[in-house]
Amino acid sequence: MDRLNHSRKQKQLAPVKPCDVFDLIGGTSTGGLIAIMLGRLEMSVDECIKAYSGLIATVFGVQLSKIPMTLKGNVKPRFDSAKLEAAIKQVISQSGLPEDTMFDDGIERGCKTFVCSIDRHTKAMVRLRSYSLPDEQNVPATICQAALATSAATTFFAPVSIGKRSFADGAFGANNPVDEVEGEATNIWSPEMRELQPLVKCFISIGTGNPGIQAFEDGVPRFLGGTVPQIATETEATDRKFIARWARHFDEKRYFRFNVEQGLQSVGLAEYKMEGAIQAASEAYLTHTGQKSRVRDCVGNLSLKQKKTDESFATIQREYVANVAQCLSQAKAARRTFYDVPPTAVSSFSGRKEVLKQIDIAFSQVADATTKPPVLVLQAMGGQGKSQIALEYCRRSRSRFQAIFWIDATSDASVQGGFERIAKKFDPLAATSPRDRDEKIDLVQKKLANLEEEWLLVFDNYDDLSSYKLRPYLPTNGRGFIILTSRHEASGGYARPEKGNFLAVPSMEHDGGHVLLQNKLSGTNEQERSELLQRLGGLALAIDQAAAYISFHKLSIPDFMAAYESRKVKILQHYEETDWEYNKHFNDSEKQIALTAYTTWEMSFQQVEPANPGRKECITQFLSISAFLHPARIGEHIFREYHDTTHSSGWLELFTSISNNGDGDDEAGPKDSLRCAQKTKSKWLRSLCRKIIRKPKRTSRFIIPGREWKGAQFQEVTRNLEQLSLVSNTGKYSKDTGSWFSVHPVIRDWLQIRMKSNVRQKTLEESIYLVKTVTALEVTEVAGPDVNQELLNHVDILIGSLKAVHEDGFLDNVLVGTSAIDFGHYYRKAGHYKKAIELLEYALDVVRASSAADELALGLEYTLAVVYNRDRQSSKAIELLEHVVRVEDLKETHPDRLALQQELAIAFRENEQVKDAIELLEQFVNIQETSLTETHPDRLASQHALAIAYRENGQVEDAIKLLEHVVNIQETNLTENHPARLASQHELAIAYQENGQVKDAIKLLEHVVAIRETCLTENHPGRLASQHALARAYRENEQVEDAIKLLEHVVNIQEATLRENHPDRLAPQHSLAMAYRENRQFEDAIKLLEHVVQVWKGIKEDHPNCLAAQHNLAITYIRNGQADRGIELLELVVQVCQGINEDNRLSLATRYELAVAYIEDEQADRGIELLEHVVKVHERIKTAEDDPYYRLSRHELAEACQERDRNTLQ
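So in this note's numbering, the last spot in the sequence shown is 1479, and the numbers never skip.
Treat the hints with caution; some may be incorrect.
[As the list claims (entries may be wrong)] Pairs of lysine to aspartate or glutamate, DMTMM-like flavour, derived with a Cα cap of 20 angstroms:
id: 1; residue 1: K738; residue 2: E1107
id: 2; residue 1: K693; residue 2: D707
id: 3; residue 1: K433; residue 2: E405
id: 4; residue 1: K738; residue 2: E689
id: 5; residue 1: K392; residue 2: E405
[What the hints assert, rightly or not] Here are the computed distance ranges between Cβ atoms for each label pair:
id: 6; residue 1: R1155; residue 2: R1394; range: 50 to 60 angstroms
id: 7; residue 1: R1414; residue 2: A1249; range: 27 to 37 angstroms
id: 8; residue 1: R434; residue 2: E464; range: 25 to 35 angstroms
Since the hints were made in silico from the structure, they are not lab data. Built from N, CA and C at the ideal position, the CB exists for glycine as well.
Work the whole structure out from these sequences, hints included.
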């Protein structure tokens, strides 16, 4: 109450007493007396303590008898009941009430009070109340009688008579009256529903000490030997049972139990002279770290009390239940739903009743969260309307599903982008955090699995099954359903649970085509429409485009059919001559249908700027380049950035106008693009690229000087193409990116097919150059997720085309190599290491097998080595980098050689070749110290890297000296929250800790953590890494509870944001387990370490971190009394280390721990043999002076040998 009133005082609120805060106070025995004082007499806590102290001094000052029984063996009172009665009446009088005031005087009060007593005749528990209940019999007692009845402890006071009934101390029936309070509150506020828990905001139980009943130790032997111990244990047993029932309130900090654990064992009911001991024990209990937070939570709960609970709370409660039911119903109706589906591309949907019916049948069963969600496959050739059917089903089923998401499955990158978009819908914070894509996919699958209602996921256009596997992306549990659309018949293998979920979508000739044409072409007759449908093969996309063409040119169907036939013949002849083998994928009937669709698009294409051949050529080039990009989303910005960088392609004149202030630059071109692109590469690679880069063949005949980009002209061109159904407007626009459009995948195929092979090659080259130029720009690195995802999709598509055309002999090896370097760097920056490695290895094999320039091979090797380093394949990186250094044969001080060596040093460190890394870095730092200023960022970064290598090599003092130098300079020249400054301070703190300067480490890490908590998001890796490091420093400084609190925070954040096997997640879990062990929470430590070991085994069983986790788990087993399991695991770790490097520190530490375990397990000979081996190895590898395990091993060995010798003499 003091803390509550202190808080109120700060808010300028009046102090309150318990009767102002609590709606009900109940107690028994001494607790009953206190309940009466606080509740019925409305005392403050200080007034109650003073009154109670005076009362017990008066009552227990003199004993009537020291022997609590008569000569016949009957129990007799040891203290004078008259004195007790007089003392109670005095307390009542001092409160301003008459001595004979009734306990229930008929006046309603905010705080109700009751006490417990035992009816001596029936042995039943009786509640004496300061209020009345309609369905309960109340004993008419005065305040004094109620106080005497509840405190008439057997052997202490005589029984109390109220009317014709006799009562004794209620403690024998309810030593802990928490159940009585629960029952009474239920009778008051929930007599009908009997559901009290939802109504209780705060429930507090206060004990008298553990075990508080030991005061009876000098009573009757049989009475004290049986009854009293039972009472003592009943108090805490009752509390445990109560917490089990009220677990939610306990967890939600709404139930509190305060009971002094130590210090009151020797304090009995009559020990009034030990008031000081009681006060000391209570203060020690409340100020203990474990109780501070509970007291703080309790005060916070009580501070929310604003007014007394109304007497009509039973009615309010019934209304509350009804209101809750209504709210739940409304909440369900307004539940959080997700509908992320693209708008329907066609202007009207018709037919397809049978297909939609089959989908309904396939998805008719209620989803089972424990089984794999069913997958329904819609298969047909391109343009048959698969996507439109899926879109229509989504629209019709929107009310059924809690979530509907649409994913473009054209490529691996587009699927990953779709999952990132969904992750952002579920959790915007997690989606924008710096974590890899696998974690975001895992996040989405977990979120879907946890949805309480049904969901639908659509994977659209999974047409190239050989390019990537879709199955890892399919959720494996949850109340969901999945639709997959594909051109490929092999997609039927994805249908589940049976092949019946594979639907071949029919043409629209007899399924909605007539209605579609009737809606689009009014004034036509059924026969004309039937002929048109037959000519178009019922292909939905062709129907839509033909209708658009007819409407646009105001033709009749017969006029269109005449033009169609003449155009078809010409195009069929063209296909017979082409080298392009698209049609080999189709059988004869499919080939004919496909060509009819292409003929329709060709007819539409002829209507593009027919009166302006030059402009038509530019639009043709624009569409042709777009055909090699990812068709789903193509942004205006990539063409704008390409123009602003190169100014070199005439077709871009479509979207530009003469600048008012631009004179033009006749030197502009690929060289400018290279200069821009090279900003993101190393100095060495830039110089190498200058030797091998080659301008692509120009597809335009002139350069456009001094022209500005005009977004309105771009939008006009795409709108005209949209009218002819050649592109679709996505409806997306922003000032930074401009407008966006899409191309149907089948139209994309047609655009490529209609080119001659030499034109196709040149167009692909320019498409590659366009995307290479844009991805290399610095502005791309800070672009939003939409732009980066679009570019990744384009790169994926272009690489597939590049490989295909190169393998057909149409592209030279230099373009393959330079494209691999540029796209490899872009993949690396985007975190797609596996894709970068696959591309670079492919290109390197191509270049090595050809007569391409040696410089190009070196560039590929360097780029591949950089990616290997980032992907933790350091040994491969070292092999490549050392080869490049040898071949280049540059002077030691040459900037290119230094750049190579810096990357090689990173690889050495990753591969645990720390001494080799130090040698290179020292050389690098020495050269920079003569060529760069002291404050130059590159020089400081190199010194930072060298310091880390020093620390990893055990040269901690050298690391500290260098890091202090770096930090001092950065603190002078950089802002407090600059990432480089914080990184150096972080590393310096770790070095301090390893050097035994733990307090210095804590001080610096607390500073870093405080800064990062203000400028980084909660789940940022840098912020979490500093918190982890600070927790480890706390552990070393024996602040174990602080360490546990911080580590639990880090672990909880990472469990919500990182995949289960992410190394950044496993390290804090390992540290938390160690803190648990130090805090003797062995079971918690074992559970967490077993998890860490299991996950590491799934990554790499002989990984040092896996072995370290097993080492610590074994030690924890032993400390938890599971010696056999501990020894078995230590033996396993020793065996694995023997196969790797038995001289490393972990191997020696494990052998030491195993030897000690052997000795404690009475296997002294085995232990001594192992310790002798450990000592010899330390002395051989010259680590004896520095390693504490050497000194421990010698000490244990000496003691074990002495013990063995003593046993031998005996």
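Inset, instruction - Identify every previously stated hint that the structure contradicts and give their numbers, smallest first. - result: none
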